[in-house]
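Participant: Model the full structure from these sequences, guided by the hints.
One-letter residues, chain by chain:
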Amino acid sequence: MTEAEVVQNEHYKRLLQYLEENLDLKRIGQTLSGSLGSFGLWLIDKEKLARMKKIENILCRAAKKDDTAKKACVESINSVIEKTDNSKKLELFRCLLANHGFCQPLIDQGTVFGYIIACQLRKEPPLSIITLLAYFFETILKGIKKEMELENLYKTMRPRAIALSTVHTVHRLITSSLNPDELLSRIARLSMQIIRANRCSIKLVDSKKKTLLPKATVDLRTKKTRLKKVRIGRWAPGKAVKFGKTIRGEGYLAIPLIDEDVIGVITLYDKIDKQPFNIYDEEIMKTMAEQAAIAIKNAQLYKEQEKLTMGSINALAQIIESRGPGIYTPKSSFLRIVQLIGQEFKMKNHELQNLQYATLLHDAGELMIPEHVLKKKGKLTDKEYRLIREHPLKGAKIIKSLKSLKSIAPIIMYHHESFNGEGYPKGLKGSEIPLGARIVAVVGTFEALIAKRPYRVALSIDRAIEEIKKNSGRQFDPKIVEAFLKTVKRKDIFNLLKKELYGTG
Amino acid sequence: MELDDMLKDKITLDIVKFFHENQSSIDTPRGIATWIKAEKQKVKKSLDMLVKQGILIDHKAPSITGYSYTRDEAIIKKIDTKLKEE
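Chains Y and S, in that order, are what the protein sequence lines are.
Residues 334 to 838 (this note's numbering) make up the first sequence, in order.
Residues 584 to 669 (this note's numbering) make up the second sequence, in order.
No wet-lab data here; the hints were simulated from the structure.
Predicted model only: the values in this text are computed from it and were never measured.
Be a bit skeptical, because a hint or two may be false.
Capping the alpha-carbon separation at 27 Å, the derived lysine-lysine pairs in DSS-like fashion look like this [to be verified]:
#1 S:Lys-600 with Y:Lys-604
#2 S:Lys-665 with Y:Lys-604
#3 S:Lys-627 with Y:Lys-679
#4 S:Lys-667 with S:Lys-620
#5 S:Lys-643 with Y:Lys-619
Reference listing, derived: stretches of chain S covered by chain Y, where coverage requires no fewer than 3 residues with Cβ under 8 Å from a Cβ of chain Y [as the list claims (entries may be wrong)]:
#6 596 to 610
#7 641 to 647
Where a beta carbon is used, it is the ideal one built from N, C-alpha and C, also for glycine.
Facilitator: Below, the structure is given as C-alpha cells:
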C-alpha cells in the first residue's frame, strides 16, 4: 500500500468512526418504523474483515438458526454490497424469509468507504421513501464531512495560531524596551519560557577582541555557571557566531543574532523535560533571534542617540554657565534631586529624562541677555531687569527650535512662575504651572541660593533649605517643597551635594 | 489559596488548562480571552491571581503584559494530576 493509500484509508476509518459517533441509527429506524414497520439499520465498513463481523452481527434469528440460512443471508448482503459498489447508489435486496432490505453506499471523493444497510423489512419500501432516504443519508454525510473538516482545521490551525500569537506577544514585549540591559535580560527570560529551557545566555560580539562578551544570563538550576567570555569559533556559541548558523546539540541550542552582521548569540541549555532540543525549537528560536537582533540594534542606536543628545545638552549647559556669574554648580546632585522628586510624583521614564534636560537648560534664555547684565554687581536698571525677566520666554524659543527637546520648552518657559500667581512670564497659578516647571522652580532656586553671585555670598545648604521652606505655598508648590525636603535630607544626596560644593561629604 | 479552590472558577480552570496544554505559550489577557472564549476583564483578574499563586509568570513591559506558564515542575505535576481527575 502506498503512503497516499494509507493516509486515505486512515481518513475513511475516521469518517466511519465519526459517523458511528454522530449518526443515531436507532432513532432513524424508530422514525421510519411508522411507514416501513420495524427493521434493523447498520453501518458497515468497507474493509472486508470488519464488514464480515458486522454482517454476522446483523443476522436475524432465522438466519442464525443453521449454517445454510446463515450462508444464504451473508451472501445476499454481500451481493448487494457488490452491486452498490458498482452503481454507487441505494440498492434494494431481498433476504432470507422473503424479507426486504436496502444498501446505501457512503461515498467520499467518488470512493465507497462504507454502507448503511437496512434489512428485515416486511415489505419493499416505496420509491418515494427510497429517494428520500438516499437524499437524507447523502445530506447527513455531507454535514459530517464538513464538521470533520472543521475539526481537522481547528486541530491543525489552533496550535499554529497560538504559536503565532506567542511570537507576536514576544515581539511586542521586546520592542517596548529601549534599555539594552533590561532588553537582553528580557529576551533571555522569554526565550527560556518559549523553549522551556533551564538556562539561557546572551553574548554580544566584541569585534575588536574577537570574543563574545556575556551580557545576560538566566539560570534556573541550583548549580549555576559562571559568566564567561568566549572566543569566536569556540564552543557552541562561538561556532554559531563564526559560521552565522544555528548550532544544535542534545543539551544546547545556539542561535546567532544577525542584523547585517552577526552581533551576538542566544544560547539555551537543558530543557525542563530533559528532552533533546529539536527542529521545532530551532525554528521558533530563529524567529525569536530575528526579532531580538532588531530590538537590540534599535536599543543600541537609541542609547547612542541619547548619549549624543546628552552631550549636546551638556555642551549647551556649559556655554550657558560660562556666560553667567562664573560659578560652578553641582550638576550631578541637582540631576539626582530632580529625578528623585519626579519619581515621587510617579513621572514616567521619558518625563524624568526631560526633567533632567530641563534642569540643565532652564536658563538657556540667558544666552540672549548681554553678558554685562548677567555679570553686573550693582543694582539692575528697569530695562536690565526686564531683560532678565524675558529669559524664560527666550529660553523656550531656543529649545523649541531643537526638535528632540521641544517637549521641555514648557518647563523652561514657566520655571519662574510662582505658585501664588505672582511669577513671570504669564502669571500662572498652582496646577496651571506644568509639574516639571514647578519642580525646576524649587531646585533651580536652591541651586541659585547655594551658588555665589556677583551681588551676594553663597548660602549654606541649611540656610538655602530654610529659604525654600519659607517660600512654600507662595513661590513654590508645597507638595514639591515637601518632596524636595525629603530628597535633600537623604544622606546620600546631602553628602553628594557637600562633595560637589565643598569637596567633602 | 488551594489549587482545588482556584479551579472551581470556570475561567481560572480554562486558563490553567490552556497553559497546561500550551506550555510554550506567552500571551496577553486579550489573546488568552480569545483562546478560552471568555471576557477579557475577568480573564485579567484570574491571570493576576494565578501569578500570585505561582502558577503563571508575568512579563511586564510599559504597554503590555505577557503571561506564561510556571516552570516549577512540582506545580505542573500537581496541576496535571488535578486536570486528569477533572
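Participant: Does each hint hold? Answer for all of them.
Facilitator: Hints versus structure:
| no. | hint | result |
| --- | --- | --- |
| 1 | S:Lys-600 with Y:Lys-604 | holds, 21 Å |
| 2 | S:Lys-665 with Y:Lys-604 | holds, 24 Å |
| 3 | S:Lys-627 with Y:Lys-679 | holds, 24 Å |
| 4 | S:Lys-667 with S:Lys-620 | holds, 22 Å |
| 5 | S:Lys-643 with Y:Lys-619 | holds, 23 Å |
| 6 | 596 to 610 | holds (count 6) |
| 7 | 641 to 647 | holds (count 5) |
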